[in-house]
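Novice: For the protein sequence lines, the chains are A and B, in the order given.
In this text, residue positions in the first sequence follow my numbering: the first is 1, and each later residue adds one.
In this text, residue positions in the second sequence follow my numbering: the first is 1, and each later residue adds one.
There may be inaccurate statements among the hints.
Below, computed lysine-lysine pairings styled on BS3-like, alpha-carbon distance capped at 30 angstroms [stated by the list, open to error]:
no.	chain 1	residue 1	chain 2	residue 2
1	A	Lys39	B	Lys552
2	A	Lys33	B	Lys125
3	B	Lys220	A	Lys33
4	B	Lys21	A	Lys39
5	B	Lys552	B	Lys531
Hints listed in this document are in silico derivations from the structure and should not be mistaken for laboratory results.
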Amino acid sequence: MVATRKGPPIAVDAASCTGCLICELRCSLRFEKAFNPSKSQIRIRRLVGGDCEYDISFTDRCDNCGICVRYCPYGALIQEEKKETA
Amino acid sequence: MEIPGYAGSILYVDLTSGRTKKEPLDPGLARTFIGGHGINWKLAYDLIPPDADPLSPENAIIIGAGPFSGTLVPGAPELVITSKLPLSGGFGTNAGGGHFPLMLKSSGYDHLVITGRTEKPTYLKILDDDVELCDARDLWGRDIFETIDELRSQYEPCSVIPIGPSGEKLVRISVTSIDKLGTVGFGGLPAVMGSKNLKAIVAVQGTREIRVAHRLRLLKAVDRMLEQVMSYRLRPTLLEGGTFAMSASWLGMGGQGWDDIHRESRQTLACPSCPMGDKERHRLTEGDYSPMVSYSTDFMGEFEASGKTPLDSHNRAVKRLDTFNRNGICRFHFRDALGLMTSLYQQGIITTEDTDGVELKGDYDTTLRLIDMTARREGFGDLLAEGALRAARRIGRGAEEHVIHIKGCSPYIDPRIDSFNTMTFAQLVHPGRPHYACGGIGIYMPERPIDLFVRHAGRIGVPDEAIRRIFGPASFNVGRLTKHAEDWFSLFNCLGLCHRVYISRFHSIEGVVEFYSAITGIETTAAELLKAAERAWNMSRLLNVRTGFGRKDDTPPRGWFTPPGARDREYPLRDYFGATSFTREDVERALDDYYDERGWDKESGTPTPEKLKELGLEGCQS
Numbered sequence: 001m002v003a004t005r006k007g008p009p010i011a012v013d014a015a016s017c018t019g020c021l022i023c024e025l026r027c028s029l030r031f032e033k034a035f036n037p038s039k040s041q042i043r044i045r046r047l048v049g050g051d052c053e054y055d056i057s058f059t060d061r062c063d064n065c066g067i068c069v070r071y072c073p074y075g076a077l078i079q080e081e082k083k084e085t086a
Numbered sequence: 001m002e003i004p005g006y007a008g009s010i011l012y013v014d015l016t017s018g019r020t021k022k023e024p025l026d027p028g029l030a031r032t033f034i035g036g037h038g039i040n041w042k043l044a045y046d047l048i049p050p051d052a053d054p055l056s057p058e059n060a061i062i063i064g065a066g067p068f069s070g071t072l073v074p075g076a077p078e079l080v081i082t083s084k085l086p087l088s089g090g091f092g093t094n095a096g097g098g099h100f101p102l103m104l105k106s107s108g109y110d111h112l113v114i115t116g117r118t119e120k121p122t123y124l125k126i127l128d129d130d131v132e133l134c135d136a137r138d139l140w141g142r143d144i145f146e147t148i149d150e151l152r153s154q155y156e157p158c159s160v161i162p163i164g165p166s167g168e169k170l171v172r173i174s175v176t177s178i179d180k181l182g183t184v185g186f187g188g189l190p191a192v193m194g195s196k197n198l199k200a201i202v203a204v205q206g207t208r209e210i211r212v213a214h215r216l217r218l219l220k221a222v223d224r225m226l227e228q229v230m231s232y233r234l235r236p237t238l239l240e241g242g243t244f245a246m247s248a249s250w251l252g253m254g255g256q257g258w259d260d261i262h263r264e265s266r267q268t269l270a271c272p273s274c275p276m277g278d279k280e281r282h283r284l285t286e287g288d289y290s291p292m293v294s295y296s297t298d299f300m301g302e303f304e305a306s307g308k309t310p311l312d313s314h315n316r317a318v319k320r321l322d323t324f325n326r327n328g329i330c331r332f333h334f335r336d337a338l339g340l341m342t343s344l345y346q347q348g349i350i351t352t353e354d355t356d357g358v359e360l361k362g363d364y365d366t367t368l369r370l371i372d373m374t375a376r377r378e379g380f381g382d383l384l385a386e387g388a389l390r391a392a393r394r395i396g397r398g399a400e401e402h403v404i405h406i407k408g409c410s411p412y413i414d415p416r417i418d419s420f421n422t423m424t425f426a427q428l429v430h431p432g433r434p435h436y437a438c439g440g441i442g443i444y445m446p447e448r449p450i451d452l453f454v455r456h457a458g459r460i461g462v463p464d465e466a467i468r469r470i471f472g473p474a475s476f477n478v479g480r481l482t483k484h485a486e487d488w489f490s491l492f493n494c495l496g497l498c499h500r501v502y503i504s505r506f507h508s509i510e511g512v513v514e515f516y517s518a519i520t521g522i523e524t525t526a527a528e529l530l531k532a533a534e535r536a537w538n539m540s541r542l543l544n545v546r547t548g549f550g551r552k553d554d555t556p557p558r559g560w561f562t563p564p565g566a567r568d569r570e571y572p573l574r575d576y577f578g579a580t581s582f583t584r585e586d587v588e589r590a591l592d593d594y595y596d597e598r599g600w601d602k603e604s605g606t607p608t609p610e611k612l613k614e615l616g617l618e619g620c621q622s
């Protein structure tokens, strides 16, 4: 099921992703009230042999709440004109 | 009843029989030893015979996460591995960053205990209750990065603790890398894995959730710390230039003409939950050894000037680190062993007959070649693989007199250069092997004002009466202060926090207490947590005393009193402030003070019955 969007789309700068997984941890805490990256709606996956170390994607359940953007310490997630905080 | 923050189980794997066992984590054990190396030490005390050969099936590899692992506490990726180590013959805990604690807990385990030995090369895969010993014959012989890549291609998202050629060949100066991020295994842990035919341990992302007692309270504490971290004035320096730039910044050292090249070719990587990423991916696109992609846990001290251009010199430094990391060779121990052999060679004590024809000129290409040979125990590399002390003993001819070692291991830091401070002193008294992170306590830069240390001591929970005992108007007692610095970092090892100064500098005992209570729901105090950390440290001492270690092994190397090139007189070490000379007698007094502060017998270096009773360890015998 595709989630109702709470905010504008989230853009990614995969080259700035360090793999700290803070976004996944924070997202899983929001959705499941517990920590487990597999329960996160943002997905950080390692790439082998590419220009970037990590790939960033979102599941259909992601509602663009922007909490991952707020917690990313490395500027790898960008959300313009955010009007609402989840 | 399970305590929030913990996964709730310990996994036992016997490689000999192939049997696995999942046992609930005893909440009493978690409250007494917290987790991480605290519980590891208790398990090691119960499971590993004191006289076990480190490379025998009787030895165990005990892996621990902490209650902070897998949560949002900033800088909580630390994995601790406890085993009897082949370089010193003592029990040691290695700590390194990476995704392993997070992944292990996501399958439901706080600790993993591996014993026995398999008949053929094997890797251990863990995914929830699916625990499998898999055929690793195709992986045997592959280097550390290749092994990680291959296992990632099958199991990503996962975390991998592999061994390279050095572990397979039982090299005593071997180390390894968790996920190409944190270095772990100082003292030869990979050789222990190799002796068990264990090529790798793979923790696949499981389905178990880590719940905490007070979610909003935790978030408030996390937000508070993140705010401090994000406004740290040197954070941009770390993220742009890595550990190389940080060391240059702190120590006032310039680069080597390749700062910009380094900055352009690197990308910051971070361990889980860390906003101060200090790991690196290097991507060389031109110059010597390009194209190449490599990884390193830090780049401090990697100076090189042998290239024709600054770009080539930089690339050569990356290539050398890559060669260490792929093979799994401890660069500190290797440099010490090779430095010794080169010195003996120059003095004519050894010749090319001893080195299988290798001329020891200290040049770059020979170094690179010898790292490979050491990892495979080929020719002269077989001697270097034993570490400086054993190599010198094998050579004879008085070579041992030239070795500077503590418990058979190379010290990280030379107090003749770095002054006699808690970092250098901690190397002497660390049970089982030298280590220095425990003695950090902010003394990473020379000659800082005393007020800074008094403030720092308060921040890490040193009691007021101890502060009065330790600090004078313009001095501090190295031995006594080291005890408290060790307890602080012992607490880190119990909780799963990273030692590295870039992130550890933001933690305080009040902050740690708040994180602990928010996660576990156990309202505690600074004194209680630090007592548990002290208990863990005493367990590590008990294990090593039981194995035969004591004060006799904590004595300073003779070489510390001899300046390079002048072996005929005692050299006065400097105290931290560089003002007062430090003699052998001063070091002995520092040892007396350290044991006194610890509540250990000054003659033997053994925890006294009174101390054991105070810590609730009276049933444990040394």
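Novice: Which numbered hints turn out to be false for this structure?
Specialist: 1
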